[in-house]
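I would like the entire structure built from these sequences, with the hints used as guidance.
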Amino acid sequence: MSRTILAGLMLAVGLAAGCAGSATAQDPAKLNDLEIAHAAYVAGDIDIRNAHLALALSDDPKVREFAELMIRDHEAVNQAALDLLEKLKAEPQDNAFSQALMKGARDNWAKMAQLSSAEFDKSYAANELAYHQTVNKVVGEAFIPNVENGELKTLLGSALDTFKAHETHAKQIVDEIGS
Amino acid sequence: MEIQQFEFVPADIEIAAGSTVVFVNLDLAPHTATGEGFDTGALRKGERKEIAFPTAGEFAYLCKFHRHMTGRIVVR
Chain A
7 MSRTILAGLM
17 LAVGLAAGCA
27 GSATAQDPAK
37 LNDLEIAHAA
47 YVAGDIDIRN
57 AHLALALSDD
67 PKVREFAELM
77 IRDHEAVNQA
87 ALDLLEKLKA
97 EPQDNAFSQA
107 LMKGARDNWA
117 KMAQLSSAEF
127 DKSYAANELA
137 YHQTVNKVVG
147 EAFIPNVENG
157 ELKTLLGSAL
167 DTFKAHETHA
177 KQIVDEIGS
Chain B
2 MEIQQFEFVP
12 ADIEIAAGST
22 VVFVNLDLAP
32 HTATGEGFDT
42 GALRKGERKE
52 IAFPTAGEFA
62 YLCKFHRHMT
72 GRIVVR
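Sequence order for the protein chains is A and B.
Counting from 7, one number per residue, gives the positions in the first sequence under the working numbering.
Counting from 2, one number per residue, gives the positions in the second sequence under the working numbering.
Everything labelled a hint here was simulated from the structure, so no lab data went into it.
Every value quoted in this text rests on a predicted model; they were computed, and no experiment measured them.
Where hints are given, some of them may not hold.
With a Cα cut of at most 30 Å, we get these calculated DSBU-like pairs of lysine-lysine [to be verified]: (1) 170(A) x 46(B); (2) 143(A) x 50(B); (3) 65(B) x 170(A); (4) 65(B) x 128(A); (5) 50(B) x 117(A); (6) 68(A) x 65(B); (7) 65(B) x 143(A); (8) 170(A) x 128(A); (9) 50(B) x 159(A); (10) 68(A) x 46(B); (11) 93(A) x 50(B); (12) 65(B) x 177(A); (13) 46(B) x 93(A); (14) 50(B) x 170(A); (15) 159(A) x 46(B); (16) 95(A) x 46(B); (17) 50(B) x 68(A); (18) 177(A) x 46(B).
These stretches of chain A come out as covered by chain B in the derived footprint (C-beta under 8 Å, 3 or more residues) [as the list claims (entries may be wrong)]: (19) 69-81; (20) 157-167.
C-beta: ideal position from N, C-alpha, C; glycine also.
Right, dumping it as structure tokens:
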């Protein structure tokens, strides 16, 4: 399983847990609305790039279909986020949480690209399940309760519906091809 | 027929022959309603598609992208 991207996310979440009570940029519950928008967009963008890697390296029809789904759905969610930010005339703010996500992803892509097709399939499926489990926890328990803008809260709620469906689908893929 | 939170609402309906069903996607993710003899194609958020059912029968359908989303239209 490719653990680096998940490790990056868990590092960010773990740091937050270890700093309970102090306002660190890495605590997802302490991010402001524009930082939340940035982090949510980055999380989606990472999964789109994961999927493009899968399309480049996998021959398994189930994996490729899932990857195409990730691209289609996450692009739609991210476009909705961009549309909302444009409407609000707001710019998303980069932050340490987003940076931890992206660093983990970059390390992960480097490792994943070295795997054989069969190894990649199992790693990709397991990573997608773990990634969505973790992201859904962050979005549901940190982002949505703390975001102040009502339209962004609604958008995150709809995005979470999408990500939960992905988590269920990823679990099915893992069950089918192993981990 | 609304598509929301990854469900067709209502999933099962009964209509008279010659009726038209309007599928409207309220989700961020694109969906389809695809059954034997009909296909809305990909519907993005806010998009709708009218499908006519001129003859009686039972028409099971699903979203091609998210296959756990299913429904049934009974045409009398």
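Against the structure, the hints come out as follows:
1. 170(A) x 46(B): 18 Å, holds
2. 143(A) x 50(B): Distance ~34 Å between residue 143(A) and residue 50(B) Cα, so the pair is violated.
3. 65(B) x 170(A): Holds, at roughly 18 Å.
4. 65(B) x 128(A): Measuring from Cα to Cα gives roughly 24 Å; hence the hint holds.
5. 50(B) x 117(A): 44 Å, violated
6. 68(A) x 65(B): Status holds; Cα separation ~13 Å.
7. 65(B) x 143(A): The hint holds at about 27 Å.
8. 170(A) x 128(A): 20 Å, holds
9. 50(B) x 159(A): 28 Å, holds
10. 68(A) x 46(B): 25 Å, holds
11. 93(A) x 50(B): 27 Å, holds
12. 65(B) x 177(A): Roughly 18 Å separates the two Cα atoms, so the pair holds.
13. 46(B) x 93(A): Holds, at about 17 Å.
14. 50(B) x 170(A): Measuring from Cα to Cα gives roughly 26 Å; hence the hint holds.
15. 159(A) x 46(B): 17 Å, holds
16. 95(A) x 46(B): 22 Å, holds
17. 50(B) x 68(A): 28 Å, holds
18. 177(A) x 46(B): Holds, at roughly 26 Å.
19. 69-81: n = 3 at 8 Å, threshold three: holds.
20. 157-167: holds (count 4)
Comparing the model with each numbered hint stated earlier shows that hints 2 and 5 do not hold.
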